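Enquirer: Residue strings, one per chain:
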Amino acid sequence: MCCSSSIARDKVTMGEPEAFDISTVKGLKFFDPHVHMTSRTTDDYQAMAEAGVVGLIEPAFWLGQPRTGLDSFRDYYSSLVGWERFRSSQFGIKHYCTIGLNSREANNESLAEQVMEILPLFIYKEGVVGIGEIGFDDQTAAEEKYYRLQLELAKEAGLPVQVHTPHRDKKKGTQRSMDIALEHGLDPYSVIIDHNNEETVKEVLDRGFWAAFTIYPFTKMGNERMVEIVKQYGAERIMVNSAADWGISDPLAVPKTAALMKLRGLSDEEIELVTYRNAITAFAQSGQLDEADFNAQVDLTEKFEGNTILRGGQQPKPDKSSIIIS
Amino acid sequence: MSSDDMKAVKEIIWSVVKNNISLETEKWLEDFIQSTNQSAQLAKVFVMLPRKTGKLPVTINDEQQKALDAAGFGYIRNWTIDRLTRVWLLFNLNLGDKELLFSGIDRLFLSAEVNEAVALYSALPFLAHPEIWVKRCAEGIRSNIGSVLEAIMENNPYAAANLDEAAWNQLVLKAFFTEKNIKHIVGLDERANLQLALTLVDYAKERWAAGREVNPQLWRLVSKFINAEIFEDLKTGLQHYNQTEQRAIALAVAGSDYPQAKDFINTFPELKLALADGSLNWNSI
Numbered sequence: 188m189c190c191s192s193s194i195a196r197d198k199v200t201m202g203e204p205e206a207f208d209i210s211t212v213k214g215l216k217f218f219d220p221h222v223h224m225t226s227r228t229t230d231d232y233q234a235m236a237e238a239g240v241v242g243l244i245e246p247a248f249w250l251g252q253p254r255t256g257l258d259s260f261r262d263y264y265s266s267l268v269g270w271e272r273f274r275s276s277q278f279g280i281k282h283y284c285t286i287g288l289n290s291r292e293a294n295n296e297s298l299a300e301q302v303m304e305i306l307p308l309f310i311y312k313e314g315v316v317g318i319g320e321i322g323f324d325d326q327t328a329a330e331e332k333y334y335r336l337q338l339e340l341a342k343e344a345g346l347p348v349q350v351h352t353p354h355r356d357k358k359k360g361t362q363r364s365m366d367i368a369l370e371h372g373l374d375p376y377s378v379i380i381d382h383n384n385e386e387t388v389k390e391v392l393d394r395g396f397w398a399a400f401t402i403y404p405f406t407k408m409g410n411e412r413m414v415e416i417v418k419q420y421g422a423e424r425i426m427v428n429s430a431a432d433w434g435i436s437d438p439l440a441v442p443k444t445a446a447l448m449k450l451r452g453l454s455d456e457e458i459e460l461v462t463y464r465n466a467i468t469a470f471a472q473s474g475q476l477d478e479a480d481f482n483a484q485v486d487l488t489e490k491f492e493g494n495t496i497l498r499g500g501q502q503p504k505p506d507k508s509s510i511i512i513s
Numbered sequence: 032m033s034s035d036d037m038k039a040v041k042e043i044i045w046s047v048v049k050n051n052i053s054l055e056t057e058k059w060l061e062d063f064i065q066s067t068n069q070s071a072q073l074a075k076v077f078v079m080l081p082r083k084t085g086k087l088p089v090t091i092n093d094e095q096q097k098a099l100d101a102a103g104f105g106y107i108r109n110w111t112i113d114r115l116t117r118v119w120l121l122f123n124l125n126l127g128d129k130e131l132l133f134s135g136i137d138r139l140f141l142s143a144e145v146n147e148a149v150a151l152y153s154a155l156p157f158l159a160h161p162e163i164w165v166k167r168c169a170e171g172i173r174s175n176i177g178s179v180l181e182a183i184m185e186n187n188p189y190a191a192a193n194l195d196e197a198a199w200n201q202l203v204l205k206a207f208f209t210e211k212n213i214k215h216i217v218g219l220d221e222r223a224n225l226q227l228a229l230t231l232v233d234y235a236k237e238r239w240a241a242g243r244e245v246n247p248q249l250w251r252l253v254s255k256f257i258n259a260e261i262f263e264d265l266k267t268g269l270q271h272y273n274q275t276e277q278r279a280i281a282l283a284v285a286g287s288d289y290p291q292a293k294d295f296i297n298t299f300p301e302l303k304l305a306l307a308d309g310s311l312n313w314n315s316i
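Protein chains in written order, with this note's numbering: chain Z, 188 to 513; chain C, 32 to 316.
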């Protein structure tokens, strides 16, 4: 997530995009282990489903600006296991989430204390596959304090941890995140270190952690760089995600990366591991994620607390090219 | 700055404000300032203020500009009248003691829309008890909203004067990340430090690995801290074909106390020449 990247200038350095040919990955299944669907539209859900995304994980994060009270947190966590999960199911995509206090808002200590008290109400819920996304942003003392407390929570609950690594001072922040996780006795195999890049990947893999990569335009990884990383390090314990949110991001980042990997000659097995299997293996350690639950038949008449995403008479897939909205 | 100096600044700002608003609005502001119950009205007055002042860029006469330049606040010529008037309003608040001042203004921060937030952060250098706003300022640096970040980072002396090293370093790093105008950061050179230099070198390496350019101003903050380890990274940067970056690294080396690096730069005839003729400086890069 970022704010003021200059799109025009980055286009100069990045070049004109090749068209994404969805047929390249036809028949493949994808799992996006980090995507903030509450910030996305139904068009995104439809496009993801059409591109083969069958499951996703929505980590709890901040909303672009800080919350000022506990109830905002409670309602947000409730929406992740409630309304958003239902919304996703309407498109045939199995929705999981990780629950945690994000690093930025950990800096509001009086509120953070209250949030810590309600976390146990949510982390044992069905479909909560980890504690996340937690870790460092500015790398302050308050961030460290709540990161440590939530690692303890994860240990107690037997849940994997989804670790957000900082944009700024990333290398040191990533090392420090791993050091602290080990210090608390977590098995690196239960910890997913997210937002890696060329500078961090080696150490993350060498120390036995999962290395997740966010394919996000301008500010994080591009998928061409991602292809090179898989060529260099192999597919073991590596996964990609979109981290699509309210910034300029791409909810099709996982299928697009798979397509590019295929075009650049990586094997089907490597593609499957990086864009599907590894994430499932890592988060299934929660006991809350079962592939057998994917592809449940979409019941468009189902309702959540009396609400449905389908308004009276609406077709499940409207014709977007038509001027008529009926 | 002494309290007499601040009083003088307050008067110049008021004279600028008056020149840019109607008599009716002037009266409205004076009524608020003279009120014995400012805290009850503050939120309403602060929020509705642009309806009274308009939102045009301020016009400042030469005499006012000169006085503001001398006090270090010349940059307000780029503000709009609502921003300036809001800052003036906060500057003039009389809510009683420190706690009341804090709670009154903190309430404004908690519900601020973007323009309000910009004015609130712009007002930090003018508020009494600067120490009570340190956390708020550090929180502001976490914002993702460009204009709010600019209000804190660019032409605002509050941060350099009040933030601890960790928060200061975060400000500078984030300014690079969000492509702010680094040259407008007040206190940039004075607050350079080793920790920041090391972090910035890591950042440069990350950009290189991603095939991206590095803002040449980054090397300005590394200059004083060049050591054997950093020197190795500088050598990598000098191998790149980006001339601006090479020149920035040369300039950083020239300002360092690391003779080996200076000797190495002298092996690049073009850089040696540019340093010798004095045409290179941080403003020209």
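Heads up, some of the hints might be wrong.
[To be verified] For each label pair, taking beta carbons as the anchor points, the in silico distance ranges come out as:
| # | chain 1 | residue 1 | chain 2 | residue 2 | range |
| --- | --- | --- | --- | --- | --- |
| 1 | Z | A328 | C | E221 | 20 to 26 Å |
| 2 | Z | R261 | C | S66 | 35 to 41 Å |
| 3 | C | S66 | Z | Q252 | 28 to 34 Å |
| 4 | Z | T228 | C | F262 | 46 to 52 Å |
[What the hints assert, rightly or not] Within a straight-line C-alpha distance of at most 27 Å, the following computed DSS-like cross-link-like pairs (lysine-lysine) qualify:
| # | chain 1 | residue 1 | chain 2 | residue 2 |
| --- | --- | --- | --- | --- |
| 5 | Z | K359 | Z | K312 |
| 6 | C | K266 | C | K293 |
| 7 | C | K266 | Z | K389 |
| 8 | C | K266 | Z | K359 |
| 9 | C | K166 | Z | K359 |
| 10 | C | K214 | C | K266 |
| 11 | C | K86 | Z | K358 |
| 12 | C | K236 | C | K293 |
| 13 | C | K214 | Z | K418 |
| 14 | Z | K312 | Z | K490 |
| 15 | Z | K342 | Z | K358 |
| 16 | C | K266 | Z | K358 |
| 17 | Z | K358 | C | K236 |
| 18 | Z | K490 | Z | K449 |
| 19 | C | K236 | Z | K389 |
Quick caveat, the hints were computed from the structure, so don't treat them as lab data.
Predicted model only: the values in this text are computed from it and were never measured.
In this text, a Cβ means the ideal position worked out from N, Cα and C, and glycines have one as well.
Enquirer: Hint by hint, say whether it matches the structure.
Expert: Verification of the hints:
1. A328/Z <-> E221/C: 20 to 26 Å: Given a distance of about 25 Å, which is inside 20 to 26 Å, the answer is holds.
2. R261/Z <-> S66/C: 35 to 41 Å: holds (39 Å)
3. S66/C <-> Q252/Z: 28 to 34 Å: Between S66/C and Q252/Z, where Cβ atoms are some 31 Å apart, the hint holds.
4. T228/Z <-> F262/C: 46 to 52 Å: Hint holds: Cβ distance 51 Å, inside 46 to 52 Å.
5. K359/Z <-> K312/Z: violated (34 Å)
6. K266/C <-> K293/C: holds (11 Å)
7. K266/C <-> K389/Z: holds (23 Å)
8. K266/C <-> K359/Z: holds (22 Å)
9. K166/C <-> K359/Z: holds (24 Å)
10. K214/C <-> K266/C: Between K214/C and K266/C the Cα gap is close to 25 Å, so the pair holds against 27 Å.
11. K86/C <-> K358/Z: Not satisfied, since the Cα-Cα distance of roughly 44 Å exceeds 27 Å.
12. K236/C <-> K293/C: With Cα atoms ~21 Å apart, K236/C and K293/C stay inside 27 Å; holds.
13. K214/C <-> K418/Z: With Cα atoms ~41 Å apart, K214/C and K418/Z exceed 27 Å; violated.
14. K312/Z <-> K490/Z: holds (20 Å)
15. K342/Z <-> K358/Z: Roughly 25 Å between the alpha carbons, so the hint for K342/Z and K358/Z holds.
16. K266/C <-> K358/Z: The hint holds at about 20 Å.
17. K358/Z <-> K236/C: holds (10 Å)
18. K490/Z <-> K449/Z: Violated: K490/Z and K449/Z sit about 39 Å apart, past 27 Å.
19. K236/C <-> K389/Z: The hint holds at about 15 Å.
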